[in-house]
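Just need the whole structure built from these sequences, with the hints factored in.
Residue numbers (numbering that gives the first Met the number 0): 0 to 202.
To be clear, the hints were calculated from the coordinates, so they are not data collected in a lab. One or more of the hints may lead you astray.
To be verified - No more than 20 Å apart at the CA atoms, straight line, and that leaves these computed lysine to any residue pairs for SDA-like: (1) LYS33 x LEU10; (2) LYS107 x ARG76; (3) LYS44 x ARG25.
Unchecked claim - Now the in silico label distances, taken between C-beta atoms and shown as ranges: (4) GLY97 x HIS40: 19 to 29 Å; (5) ALA195 x SER42: 42 to 52 Å; (6) GLU28 x GLN71: 44 to 54 Å; (7) GLN71 x THR16: 37 to 47 Å; (8) ALA96 x ALA123: 16 to 26 Å.
Computed from a prediction, not measured in an experiment: that's the story for all the values here. Ideal Cβ positions, reconstructed from N, Cα and C, are used throughout, including at glycine.
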Amino acid sequence: MDREAIVGAALSLLNETGLDGLTVRRLAEHLNVKNPALYWHFSSKRALLDEMAQILQSRQDFGPPRDGESWQQWLTRRARERRQVLLSCRDAARLVAGTRAGPALIEKFEAELNALVAAGFTPAQALHAIGTITRYVNGFVLDEQAMAEHTADAPQPPATADVFAATPTLAAAIQEAGDSDAAFEEGVRVLVAGIAARRGAKA
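What follows is the structure, given as structure tokens:
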């Protein structure tokens, strides 16, 4: 049993138990070993969670824009890919929140920053641009996954026609806004446009 096998098992167990149910004892039972065997590889549960977050995020296609891809197109693709990675694992948005990137992710992030600097961003502008998009995606998925958990635990009856009759603007907004995918795409468009406008204003 090595670190990679432990992290893989932990991510599998996370899908079953959720983040709140994931404990070192439970993981040890899942692997059919004693708790000390896991602490030989990870000094604490926090260290295990950090590596789980790094492995999960490494599934995203990090790196600079592809040939012929504008920075706007790249940031949009990056946002979509990150959302899909986070949605692929239960409580993934909570898992990655506040964790530190490992050397491999930092190296790829450096390449991304350099690509934006080459496109005319200052280093700080590049950092803020990627950070803003990343935090938006994390927060959006956090809400999606929390809502899914809430609905599974306590299904709510659909809103009645009487409720919408009293709130016609809300009813029209919901109908026009579309589903969660549409809401996500609109948010990304607004952010990317805002980043472009702010760059223009500072220039």
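Each hint, compared with the structure:
1. Restraint check for LYS33 and LEU10: the C-alpha separation of about 19 Å stays at or below 20 Å, so the hint holds.
2. Of the supplied pair hints, the one linking LYS107 and ARG76 holds, its CA atoms being roughly 16 Å apart against a limit of 20 Å.
3. For the given pair, LYS44 sits about 12 Å from ARG25 by alpha-carbon distance, which is consistent with the 20 Å threshold.
4. Take GLY97 and HIS40: their Cβ atoms lie about 22 Å apart, and the range 19 to 29 Å holds.
5. In this structure the hint that ALA195 and SER42 lie 42 to 52 Å apart at CB holds, the actual value being about 44 Å.
6. Evaluation of the 44 to 54 Å hint for GLU28 and GLN71 yields a pass: the beta carbon distance comes to about 48 Å.
7. For GLN71 and THR16, the hinted distance range of 37 to 47 Å is satisfied, since their beta carbons lie about 39 Å from each other.
8. Between ALA96 and ALA123 the Cβ separation comes to about 23 Å, which falls inside the hinted range of 16 to 26 Å.
This entry satisfies every hint, going by the numbered hints stated previously.
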